[in-house]
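As given, the protein sequences belong to chains A and B, one line each in that order. According to this note's numbering, the first sequence is numbered sequentially starting from 1. According to this note's numbering, the second sequence is numbered sequentially starting from 1.
What the hints contain is simulated information worked out from the structure, not anything from laboratory work. Misleading hints may appear alongside valid ones.
Far from chain B by the CB rule (all over 10 Å, computed), these chain A residues [as the list claims (entries may be wrong)]:
#1 P19
#2 L25
#3 L31
#4 D37
#5 G39
#6 L47
#7 L53
#8 S67
#9 R73
#10 Y74
#11 V83
#12 M127
#13 E154
#14 I156
#15 R163
#16 E170
Label pairs and their computed distance ranges (CB to CB) [to be verified]:
#17 B:W25 with A:V83: 13 to 21 Å
#18 A:D37 with B:D98: 52 to 60 Å
#19 B:L68 with A:V76: 13 to 21 Å
#20 B:L71 with A:P19: 17 to 25 Å
#21 A:Q155 with B:E102: 15 to 23 Å
#22 B:L3 with A:L47: 38 to 46 Å
#23 A:G39 with B:E102: 55 to 63 Å
#24 B:M1 with A:R163: 38 to 46 Å
#25 B:W25 with A:K161: 26 to 34 Å
Glycine included, C-beta positions come from ideal geometry on N, C-alpha and C.
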Amino acid sequence: MSDRATASAADKRGWLPHPLLSASLVLVWLLLQNSLDLGNLLLGLVLGLGIPLWTSGLWPKRLRVKSWVAVLRYSVMVIGDIVLANIDVARLILFRRASELRTRWVSVPLELSSPEAITVLAGTVTMTPGTVSCDLSADGRYLLVHCLDAPDTEQIVREIKTRYEARLKEIFE
Amino acid sequence: MNLVFEILVAVLIIIGGVFTLIGSWGMVKLPELMSRLHAPTKATTLGVGGALLASMLYFAAFKSHLSLHELLISMFLFLTAPITAHFLAKAHIHRHVDPVRELPRPDGHGWGTFEAPHDAAAEMKAVMDDGPDPAAAEKAHNDDAGRSPR
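Construct the entire structure; sequences and hints are all you get.
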């Protein structure tokens, strides 16, 4: 069954169903080998072409990225936020009594609808200040977030929506 | 010049070590699983990040060859840490949390851990394609049906 699905998907979109995935596979392979030999490049190309074809049944849609500048800006912002998040959580662990932490569940309504965008948002939420994304509602319209220390849940929802979701919307939708 | 790099590498290693230690201390100190989950997902990323940056700088400055494995390690870490945390949280919610009394209730359908995706006929599609706007969802559904080999 999966063989047939793969074959027909390949028929429809030729031998390069996911150029982005192929490019990143080649890049990751070269980084893993830590070299730019011709042999490694060829093997990387074989993997980069083969794996997307082989798994194309699992990727019904092609991912479209609207603006690479926005991707770069988002990445830089998130890396900065991760550093701040580390310092923030470290401070909470060191200087706050555990009983004084206001841990809380928050439900964040989502405007994003593409699975890739929601995945990136959930990952970002986990990596940034005091929040871990825990579950998605059955219809994919709410994200369940656990906060380590949340005096004001409204503000956390607002921040996730304006700081991350709005920018992801620009990138993916 | 060498001294500058040595100091930089040392500082990065110390930063990494301190954050890893704090992350581990958090695991001991925090009272319950959900808050403990915060310690390894965050404090540790900077811990490992510091060590990796130190390693890259060391090889670039003293062995004069550029090592890019470290970039890959941090990339894999960024990809896997949230997924691991997500699965741990889901397992915890499933076994120990009462969805009615302890969790906020989303409008419409319940949380994915307790409820099957509401479009049972297309289990994956319910999560993947359903937009807030029913017309858009319908359109996405049709698009997908047209393209899917099934």
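How the hints compare with the structure:
Consistency note on P19 of chain A: stated as away from chain B, and its beta-carbon is indeed over 10 Å from all of that chain's, at 17 Å minimum. Annotated as non-interface, L25 of chain A keeps its C-beta farther than 10 Å from every C-beta of chain B; the closest such distance is 13 Å. A cut-off of 10 Å between C-beta atoms contradicts the statement that L31 of chain A is not in contact with chain B; the least separation is 5 Å. At roughly 15 Å, the least C-beta separation between D37 of chain A and chain B is larger than 10 Å, which holds for a residue marked as non-interface.
The non-interface label for G39 of chain A is consistent with chain B: the shortest C-beta to C-beta separation is roughly 18 Å, beyond 10 Å. With a closest Cβ-Cβ approach of about 15 Å to chain B, L47 of chain A is found to remain outside the 10 Å limit, as its non-interface label requires. Consistency note on L53 of chain A: stated as away from chain B, and its beta-carbon is indeed over 10 Å from all of that chain's, at 14 Å minimum. For S67 of chain A, the requirement that its beta carbon stay farther than 10 Å from each beta carbon of chain B is met, with the minimum near 21 Å.
Non-interface call for R73 of chain A relative to chain B: holds, since the shortest CB-CB distance, roughly 17 Å, exceeds 10 Å. Chain B leaves Y74 of chain A outside its interface by the beta-carbon criterion, the shortest separation being 13 Å against a cut-off of 10 Å. Here V83 of chain A does not stay apart from chain B, with its beta-carbon only about 6 Å from theirs, under the 10 Å limit. Remark: the non-interface label on M127 of chain A conflicts with the geometry, its nearest Cβ contact in chain B lying 6 Å away (cut-off 10 Å).
At roughly 12 Å, the least C-beta separation between E154 of chain A and chain B is larger than 10 Å, which holds for a residue marked as non-interface. Chain B leaves I156 of chain A outside its interface by the beta-carbon criterion, the shortest separation being 12 Å against a cut-off of 10 Å. Listed as a non-interface residue, R163 of chain A keeps its Cβ farther than 10 Å from every Cβ of chain B; the least gap is roughly 17 Å. A cut-off of 10 Å between C-beta atoms confirms that E170 of chain A is not in contact with chain B; the least separation is 17 Å.
Range check, W25 of chain B to V83 of chain A: about 19 Å between beta-carbon atoms, so the 13 to 21 Å window is met. The hint said 52 to 60 Å for the Cβ distance between D37 of chain A and D98 of chain B, and at roughly 58 Å that hint holds. Evaluation of the 13 to 21 Å hint for L68 of chain B and V76 of chain A yields a pass: the beta carbon distance comes to about 19 Å. The beta-carbon spacing between L71 of chain B and P19 of chain A, approximately 22 Å, falls within the hinted interval of 17 to 25 Å.
Range check, Q155 of chain A to E102 of chain B: about 22 Å between beta-carbon atoms, so the 15 to 23 Å window is met. For the pair L3 of chain B and L47 of chain A, the beta carbons lie near 43 Å from each other, so the given range of 38 to 46 Å is met. Roughly 56 Å separates the CB atoms of G39 of chain A and E102 of chain B, a value that falls within the hinted 55 to 63 Å. Roughly 40 Å separates the CB atoms of M1 of chain B and R163 of chain A, a value that falls within the hinted 38 to 46 Å.
Checked against the given bound of 26 to 34 Å, the beta carbons of W25 of chain B and K161 of chain A, roughly 33 Å apart, stay inside it.
In the structure shown, a violation is registered for the earlier hints numbered 3, 11 and 12, in ascending order.
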